[in-house]
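J.: The lines below spell out each chain.
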Amino acid sequence: MALRPVRPRSDLPLAVDPSSRFLGWITALMAFLAALALAGAMLVSDMAQRWDSGLAGGLTVQVAPMPGAPVAPLDERVEAAVTVLRAFPGIRSATVLGGGEIARLLEPWLGSGATDPLLPMPRLIDVIADGPVDVAALRLRLTSAAPGATLDDHAVWLADLRSFAGAVRLAALGVVVLIGAAAVMTVVFAVRTGLAIHRPVVELLHLMGATDRYVSRQFERHVVSLSLRGGAIGLLLAGGTLYGLYRASQGLRASLLSDLSLQPWQWAVLLLVPGMLALLALATARWTVLRTLESMP
Amino acid sequence: MVPRRGAGWTPPRAGCIVPDVEGCRGCGGTVIRFENVGLRYGTEAEVLRDISFTLLPGSFHFLTGASGAGKSSLLKLMYLAHRPSRGLVTLFGRDMAMVTRRDLPELRRQIGVVFQDFALLDHLSALDNVALPLRMSGTPEADVVAHCTEILRWVGLGNHLHAKPSTLSGGQKQRVAIARSVINRPRLLLADEPTGNVDDGIGMRLLYLFEELYKLGTTVVIATHNEALIRRFDHPRLHLDNGRLMVLPARGSRAHDGRTGDARAHDSRRE
Numbered sequence: 001m002a003l004r005p006v007r008p009r010s011d012l013p014l015a016v017d018p019s020s021r022f023l024g025w026i027t028a029l030m031a032f033l034a035a036l037a038l039a040g041a042m043l044v045s046d047m048a049q050r051w052d053s054g055l056a057g058g059l060t061v062q063v064a065p066m067p068g069a070p071v072a073p074l075d076e077r078v079e080a081a082v083t084v085l086r087a088f089p090g091i092r093s094a095t096v097l098g099g100g101e102i103a104r105l106l107e108p109w110l111g112s113g114a115t116d117p118l119l120p121m122p123r124l125i126d127v128i129a130d131g132p133v134d135v136a137a138l139r140l141r142l143t144s145a146a147p148g149a150t151l152d153d154h155a156v157w158l159a160d161l162r163s164f165a166g167a168v169r170l171a172a173l174g175v176v177v178l179i180g181a182a183a184v185m186t187v188v189f190a191v192r193t194g195l196a197i198h199r200p201v202v203e204l205l206h207l208m209g210a211t212d213r214y215v216s217r218q219f220e221r222h223v224v225s226l227s228l229r230g231g232a233i234g235l236l237l238a239g240g241t242l243y244g245l246y247r248a249s250q251g252l253r254a255s256l257l258s259d260l261s262l263q264p265w266q267w268a269v270l271l272l273v274p275g276m277l278a279l280l281a282l283a284t285a286r287w288t289v290l291r292t293l294e295s296m297p
Numbered sequence: 001m002v003p004r005r006g007a008g009w010t011p012p013r014a015g016c017i018v019p020d021v022e023g024c025r026g027c028g029g030t031v032i033r034f035e036n037v038g039l040r041y042g043t044e045a046e047v048l049r050d051i052s053f054t055l056l057p058g059s060f061h062f063l064t065g066a067s068g069a070g071k072s073s074l075l076k077l078m079y080l081a082h083r084p085s086r087g088l089v090t091l092f093g094r095d096m097a098m099v100t101r102r103d104l105p106e107l108r109r110q111i112g113v114v115f116q117d118f119a120l121l122d123h124l125s126a127l128d129n130v131a132l133p134l135r136m137s138g139t140p141e142a143d144v145v146a147h148c149t150e151i152l153r154w155v156g157l158g159n160h161l162h163a164k165p166s167t168l169s170g171g172q173k174q175r176v177a178i179a180r181s182v183i184n185r186p187r188l189l190l191a192d193e194p195t196g197n198v199d200d201g202i203g204m205r206l207l208y209l210f211e212e213l214y215k216l217g218t219t220v221v222i223a224t225h226n227e228a229l230i231r232r233f234d235h236p237r238l239h240l241d242n243g244r245l246m247v248l249p250a251r252g253s254r255a256h257d258g259r260t261g262d263a264r265a266h267d268s269r270r271e
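Going down the list, the sequences are from chains A and B.
Mapping the first sequence onto the working numbering, position 271 (from 1) lands on 271, and the numbers just tick up by one.
Mapping the second sequence onto the working numbering, position 191 (from 1) lands on 191, and the numbers just tick up by one.
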């Protein structure tokens with residue numbers, strides 16, 4: 001089955017070319033891959049953004065139970081840590097998480113066993129900063145006031161997260177560029193094949209006074225028509241795939257993954273994919289035809 | 001009779017033998033001038049040798065010669081499909097050696113060509129085939145349809161506007177090809193064996209059609225080997241023999257009336 005150009009009349013019978021049978025479907029595949037790559041990059045960026053904004057400006061203090069150690073009881077050490085935190089410059093609030101909240105956080109890893117009272121659970125203090133905090137000095141104060149307390153400023157997490165998100169964006173960009181290059185090569189091949197097949201007709205048109213631009217417009221209309229239709233099909237397939245992923249991710253939302261859905265503006269970006277492919281095809285077809293015709297008498 | 005058409009068609013003024021919307025630009029000039037022209041394909045021997053002639057506006061010539069004498073090659077030089085291997089070719093006063101590729105379309109639009117094999121595009125209707133020169137020159141689509149419909153009626157194909165060439169007879173195809181060649185009001189009309197694929201009756205009718213165009217001022221050159229037709233129509237001949245050209249004047253005593261034009265040729269065999 002071939003995608004037929006919409007325009008019924010063309011001086012060159014390009015619609016019956018063998019290359020026309022594949023150009024539309026190849027474009028559909030490219031649009032599908034490009035849309036998925038872009039959607040993946042946007043989803044990961046969103047996820048990283050959410051994690052980033054959730055972690056930035058926050059600190060976590062963990063006070064571990066130390067059974068048998070010559071230290072104050074856990075509750076006293078937690079109280080001492082909270083006192084230190086609230087008095088430290090740059091700290092806005094310090095809230096001790098309850099047992100239920102800690103159990104919910106550990107549920108993905110420990111399941112319902114996280115609520116077992118026999119399990120020695122650390123105590124967590126959620127700290128929110130409203131300015132720059134001297135993390136090294138705070139860490140020293142905490143360990144001296146509350147032995148067994150550790151301070152996590154999420155710096156390593158944040159760095160890894162940002163690096164990961166950047167790498168994903170770069171990879172997506174690379175995929176889109178590669179797809180664009182493949183699209184250019186496909187159009188060049190299709191147009192050159194068309195020119196070779198229809199060379200007698202092109203020569204006849206020239207003899208009747210056709211300019212090279214007149215001939216190139218025939219090819220441009222043809223490839224743009226096929227690209228738009230193929231791109232629309234690819235975009236529909238990508239939309240279906242993204243919807244399927246969204247439905248599949250809903251079971252995981254409560255724990256590891258956040259919402260795998262795109263914002264309206266992100267859908268608008270994906271809607272541009274067929275148009276961009278068509279524009280690329282148009283420019284490539286024009287360039288290829290004009291360059292090739294230069295060698296004709 | 002050639003129909004008067006709308007904005008796209010302006011019959012030549014009385015006394016002006018070259019149709020030209022800008023006035024009488026072609027009067028007094030030459031349409032084609034060849035000087036010592038030679039043509040060879042690749043490294044083969046020359047198929048045309050020392051061709052020299054001049055065609056004035058509003059002239060009618062038969063181009064004759066045996067098969068292989070070089071008629072088609074000479075026509076190809078005239079409709080700018082080939083460039084000569086040597087010599088000077090001027091078309092509408094322009095030296096073709098100085099014409100760039102970018103200038104060719106404009107010149108070619110002033111030449112109508114009826115190809116021996118019709119060269120119709122099989123996937124297009126008769127109307128769309130005839131419309132090609134108009135669409136190339138950017139004529140508005142409404143005018144294109146009106147003019148093509150009218151000219152197809154003129155050649156007797158008003159009932160076949162949307163017929164594909166494969167459904168037409170040889171004579172009908174030939175008339176579509178002729179309609180296409182004249183739709184743009186060419187200054188020069190070249191026909192390569194236009195009667196070769198049709199019976200004598202249709203051939204005669206086609207020749208009368210060319211005569212009508214000639215009377216309207218178009219310079220006409222018809223390559224043919226149909227002696228009966230040549231005898232019937234009293235026009236001078238450009239005769240090719242083994243790649244060399246000579247001019248044979250019209251047999252009759254009809255004096256040149258200023259519309260017949262002229263062909264001056266150097267018979268290379270006499271030199």
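Since the hints were made in silico from the structure, they are not lab data.
Please note that the accuracy of each hint is not assured.
[As the list claims (entries may be wrong)] Residues from chain A that keep clear of chain B, each with C-beta distances beyond 12 angstroms, as calculated:
| no. | residue |
| --- | --- |
| 1 | Arg9 |
| 2 | Ser10 |
| 3 | Leu14 |
| 4 | Ser45 |
| 5 | Ala69 |
| 6 | Ser93 |
| 7 | Gly99 |
| 8 | Ile102 |
| 9 | Pro108 |
| 10 | Ser112 |
| 11 | Asp152 |
| 12 | Arg162 |
| 13 | Ala165 |
| 14 | Met208 |
| 15 | Ala210 |
[Unchecked claim] The list that follows gives simulated cross-link-like pairs (lysine to any residue, SDA-like), each with its CA atoms no further than 20 angstroms apart:
| no. | chain 1 | residue 1 | chain 2 | residue 2 |
| --- | --- | --- | --- | --- |
| 16 | B | Lys76 | A | Ser295 |
| 17 | B | Lys76 | B | Thr30 |
| 18 | B | Lys164 | A | Met296 |
| 19 | B | Lys164 | A | Ser295 |
| 20 | B | Lys76 | A | Val201 |
| 21 | B | Lys76 | A | Met296 |
By construction, the Cβ of each residue, glycine as well, lies at the ideal position given by its N, Cα and C atoms.
J.: Determine for every hint whether it applies to the structure shown.
T.: To see whether the hints hold, each was checked on the structure:
The beta carbon of Arg9 (chain A) sits about 6 angstroms from the closest Cβ of chain B, which is not more than 12 angstroms, so the claim that it is off the interface is violated. The claim that Ser10 (chain A) is not at the interface with chain B is violated, since a C-beta of that chain comes within 12 angstroms of its own (minimum 8 angstroms). A beta-carbon of chain B is positioned within 12 angstroms of the beta-carbon of Leu14 (chain A); the least distance is around 10 angstroms. At roughly 49 angstroms from the closest C-beta of chain B, the C-beta of Ser45 (chain A) stays outside 12 angstroms, upholding its exclusion from the interface.
With a least CB separation of 92 angstroms from chain B, Ala69 (chain A) remains clear of the 12 angstroms interface cut-off, as annotated. No beta-carbon of chain B is positioned within 12 angstroms of the beta-carbon of Ser93 (chain A); the least distance is around 74 angstroms. With a least beta-carbon separation of about 80 angstroms from chain B, Gly99 (chain A) lies farther than 12 angstroms from that chain, consistent with its non-interface assignment. The non-interface label for Ile102 (chain A) is consistent with chain B: the shortest C-beta to C-beta separation is roughly 76 angstroms, beyond 12 angstroms.
Distance check for Pro108 (chain A) against chain B: the nearest CB is about 65 angstroms away, which clears 12 angstroms, and the non-interface claim stands. Every CB of chain B lies more than 12 angstroms from the CB of Ser112 (chain A), the least distance being 73 angstroms, so the non-interface label holds. Non-interface status of Asp152 (chain A) relative to chain B is upheld: no Cβ of that chain comes within 12 angstroms, the nearest being about 72 angstroms off. The claim that Arg162 (chain A) is not at the interface with chain B holds, since no C-beta of that chain comes within 12 angstroms of its own (minimum 55 angstroms).
No beta-carbon of chain B comes within 12 angstroms of the beta-carbon of Ala165 (chain A); the shortest separation is about 52 angstroms. The Cβ of Met208 (chain A) sits about 5 angstroms from the closest Cβ of chain B, inside the 12 angstroms cut-off, so the non-interface label is violated. The claim that Ala210 (chain A) lies off the interface is violated: its Cβ sits roughly 5 angstroms from the closest Cβ of chain B, which falls inside the 12 angstroms cut-off. For the hint pairing Lys76 (chain B) with Ser295 (chain A), the CA-to-CA distance comes to about 19 angstroms; that is within 20 angstroms, so the pair holds.
The straight-line distance between the Cα atoms of Lys76 (chain B) and Thr30 (chain B) is roughly 18 angstroms, inside the 20 angstroms bound, and the hint therefore holds. This hinted pair does not check out: Lys164 (chain B) and Met296 (chain A) have alpha carbons roughly 29 angstroms apart, beyond 20 angstroms. Proposed proximity of Lys164 (chain B) and Ser295 (chain A) is contradicted: the alpha carbons are some 32 angstroms apart, above 20 angstroms. Taken as a hint, the Lys76 (chain B) and Val201 (chain A) pair is honoured in the structure, with Cα atoms around 16 angstroms apart against an allowance of 20 angstroms.
Between Lys76 (chain B) and Met296 (chain A) the CA atoms are separated by roughly 15 angstroms; this keeps the pair inside 20 angstroms, and the hint holds.
The structure shown violates the earlier hints numbered 1, 2, 3, 14, 15, 18, 19.
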